[in-house]
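K.L.:
Required output: the full structure, derived from the provided sequences and hints.
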Amino acid sequence: MVSEKTPFGKVGTYLLFAGPTTFAFFTVVILPFLFGVYLTLTNWNGLSATYVFVGLKNYRMVFEDRAFWSSFGLTLRYVAYTVVLTNVIAFTLAYLLTSGIRGQNFLRAGFFVPNLIGGIVLGLIWRFVFSNVLVYVGKRFGWELFLRSWLAHPDKAFWALVIVSVWQSSGYMMVIYIAGLMGIPKDLVEAATIEGATGLQRLRYVILPLLTPFTTVCIFLSLQRGFIVYDLNKALTEGGPYKSTELVAMHVYEKAFLAQQYEIGQSEAFFLFAMIVGVTLAQVYLGKRLEVEQ
Amino acid sequence: MVRKLVFFLIAVLALSAAMSVTASAKVNITFLNSKGEIQAQLEEIAALYNEIAKDVTVEVIPCPVGQSPFEKVVSMYASGNAPTIAMVDAGDVKKFQDKALNLTGERWVQDAIPGSLDMATLEDGTVVGFPFAVEGYGLIYNKKVLDKALGKSFDPSSIRTRKDLQALFEELKNAGVAPLVISPLDWSLGAHFFSIAYAAQSPDPKQVDAFLKDLRAGKVDLQQNSIVNGLLDTFDVMRAYNIDKDDPLSGTYDRGSYLLGTGEVAMWFMGNWAWPQLGELDPEGEYGFLPVPISDNPDDYGNSQIPVGATKFLILDREQSSEAEQQAAKDFLNWLVYDAKGQDMLVNKLSIIPAFKNITLEPRDPLAKSILQYVRAGKTLQFVLDLPADHWRMVGAFMQKYLGNAISRDELLDEIENYWKNVK
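Heads up: the sequence lines are chains A and B, in that order.
In terms of this note's numbering, the first sequence has 126 at position 126, counting the first letter as 1, and numbering is strictly consecutive.
In terms of this note's numbering, the second sequence has 1308 at position 308, counting the first letter as 1, and numbering is strictly consecutive.
Hints may contain errors.
Said to hold, decoys possible - The calculated lysine to aspartate or glutamate pairs, modelled on DMTMM-like cross-linking and capped at a C-alpha distance of 20 Å, are: (1) B/Lys1349 with B/Asp1282; (2) B/Lys1245 with A/Glu144; (3) A/Lys139 with B/Asp1246; (4) A/Lys139 with B/Asp1410; (5) B/Lys1421 with A/Glu195; (6) B/Lys1054 with B/Asp1339; (7) B/Lys1424 with A/Glu64; (8) A/Lys156 with B/Asp1246; (9) A/Lys156 with B/Asp1247; (10) B/Lys1143 with B/Asp1155; (11) B/Lys1219 with B/Asp1414; (12) B/Lys1330 with B/Glu1043; (13) B/Lys1341 with B/Glu1362; (14) B/Lys1357 with B/Glu1106; (15) B/Lys1219 with B/Asp1386; (16) A/Lys234 with B/Asp1254; (17) B/Lys1173 with B/Glu1264; (18) B/Lys1173 with B/Asp1147.
I should point out that these hints are in silico values taken from the structure, not numbers from a laboratory.
P.N.:
Here you go:
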């Protein structure tokens, strides 16, 4: 066996167990990432054989790209709504489904299922629902709300995106919350009950504080998902009508490959990366501070 | 256990070595198809060619709907997996000049219709692309529906002005037939409809180029341009008679072809690439093109012409393909142009209007026939293809806003002027 005592032995053990993974991670994630960052400082268009170093010019272009900033603003709005709605709904479902109602295992599986469908398929299904099924229902019963396809109206198309995202990811977050709720010691809740705490008080002063680590994880996941969503955006609205629901990931992609301004798209992608890292780190840090000892 | 494993590994290695030996006798070439509507037909042709040319296998790869061929080809190059033959949009051909094989010496270069190689010829005269399809667009009419609604045989040459068109719409409406459907697709509205306004500026392509240059330089006032306004006036008429008037932005391409093919509407603004879908719904139907009129004077340029041009080009890869693969790809193109079977496949199976003089086969599909009539009568507008890469997406979005009544005409023209001023 390799000895763990010497420094050399430690490295050996590490390489034995984590070496292949480290190698794979380094070559397919770290290296391309660093190379990508380097490319933002050049004028490479993604195709030509030669390119030159241009310094920070691309980043200046990012700041001048008005469409990027409006997409970014829209994404912030989208993230705010989806994070709040997803977590509120996921927690509510988790709370109900751990309270011992009938068929709760079946219901848990049911709420989780949307998460198993890929974004593109999901987008196409909902596209059909919004532009055909709901319109049919609207015409049949004369409901003003559904008379016209939601996807043809900028605000409603935005809400269609939010609804489908929440529908998709709340099941996943629900599973995490359920795991958290099941891990809360029964004696604490019982003690609170004996002390005369009402249901709401138990929730507010016992359950929620103990659940903070899980809330942090869920908010982190939904934040990160919200910022980089692309497949659903592409399949459900295609950024339409008239580019009014183009979220930032889609804008970056179109800038690079459709407008064929690869270097600017790449810089915007890196900028987006930095923003996501900033926001999520801040969120995790704050979340950690809210945690309590049992 | 270990010995078994070693033995197994050796067996696998030997097997894969054997497989690669047998594979090397055959040349595999890939064909990236960016005309989704002919994917199935192309696969049939590939299968047929694979039988004829025994040592060559052509594999057809589709370009996903909604992804531009440029994106797809770039990503395939980046992954070291470039297609031997790639079908790209006319405006993108020259961007691949570092990667594309020089085709100047090919026989078909001499047989190409004048002008069809313009988008694929570099400044030094090198030809890097094969003009795959000539396409045209306009208002497609369903003759059966028109005849029935009008009570007489419809004569397309009777519609020469906006007034004529409006009168026809009104007559159809009174006869209880929905006059037309506008598919609110950005590429249709941006790359096709609005670019009529560029093409109709002048019969001289150089003047059109100059107009586009002036647009870039911000020297054009679109509000004062009578052709642009004329085209939009016609668009206003079309909007008013659109079957989807109440919900103009929800339509899809499939809905358009369905409505026209089943006779629910009499006209649809689209191009001859729509035939595979229309033909499936209504194989015996009679269809043809009407120009989109831009004024009330029948003699104005653009009122009796439809835009026609070579829109899709094939480029061969010289960077990641072997000599044998490049040769096989060249042979395949020659087969399409010079072999009787290949010509038949191109014209009849793919419903394509070839860009080569030596192919004399008459197309069977009515839309291609209609375009050929316009071409032979010399009544064509330039199909403006030399537009910025994101022109269709951006101007398409502005046109969608206008179609959906979200902006006024002044705002529309402002946005378009701004787009041109800031485009790369």
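K.L.:
State for each hint whether it applies.
P.N.:
Checked hints:
1. B/Lys1349 with B/Asp1282: Satisfied, since the Cα-Cα distance of roughly 17 Å is no more than 20 Å.
2. B/Lys1245 with A/Glu144: Given that 20 Å is the threshold and the Cα spacing comes to 17 Å, the pair holds.
3. A/Lys139 with B/Asp1246: Answer holds: A/Lys139 to B/Asp1246 is near 13 Å, not above 20 Å.
4. A/Lys139 with B/Asp1410: This hinted pair is violated, its Cα atoms lying about 34 Å apart.
5. B/Lys1421 with A/Glu195: The hint is violated at about 72 Å.
6. B/Lys1054 with B/Asp1339: Between B/Lys1054 and B/Asp1339 the Cα gap is close to 16 Å, so the pair holds against 20 Å.
7. B/Lys1424 with A/Glu64: 13 Å, holds
8. A/Lys156 with B/Asp1246: 16 Å, holds
9. A/Lys156 with B/Asp1247: 13 Å, holds
10. B/Lys1143 with B/Asp1155: Holds, because 9 Å separates the two Cα atoms, which is no more than 20 Å.
11. B/Lys1219 with B/Asp1414: Holds: B/Lys1219 and B/Asp1414 sit about 13 Å apart, inside 20 Å.
12. B/Lys1330 with B/Glu1043: With a Cα-Cα distance of about 18 Å, the restraint between B/Lys1330 and B/Glu1043 holds, given a limit of 20 Å.
13. B/Lys1341 with B/Glu1362: 14 Å, holds
14. B/Lys1357 with B/Glu1106: 15 Å, holds
15. B/Lys1219 with B/Asp1386: Holds, at about 19 Å.
16. A/Lys234 with B/Asp1254: 18 Å, holds
17. B/Lys1173 with B/Glu1264: Holds, at about 12 Å.
18. B/Lys1173 with B/Asp1147: Distance ~14 Å between B/Lys1173 and B/Asp1147 Cα, so the pair holds.
The structure fails hints 4, 5 (numbered hints given earlier, in ascending order).
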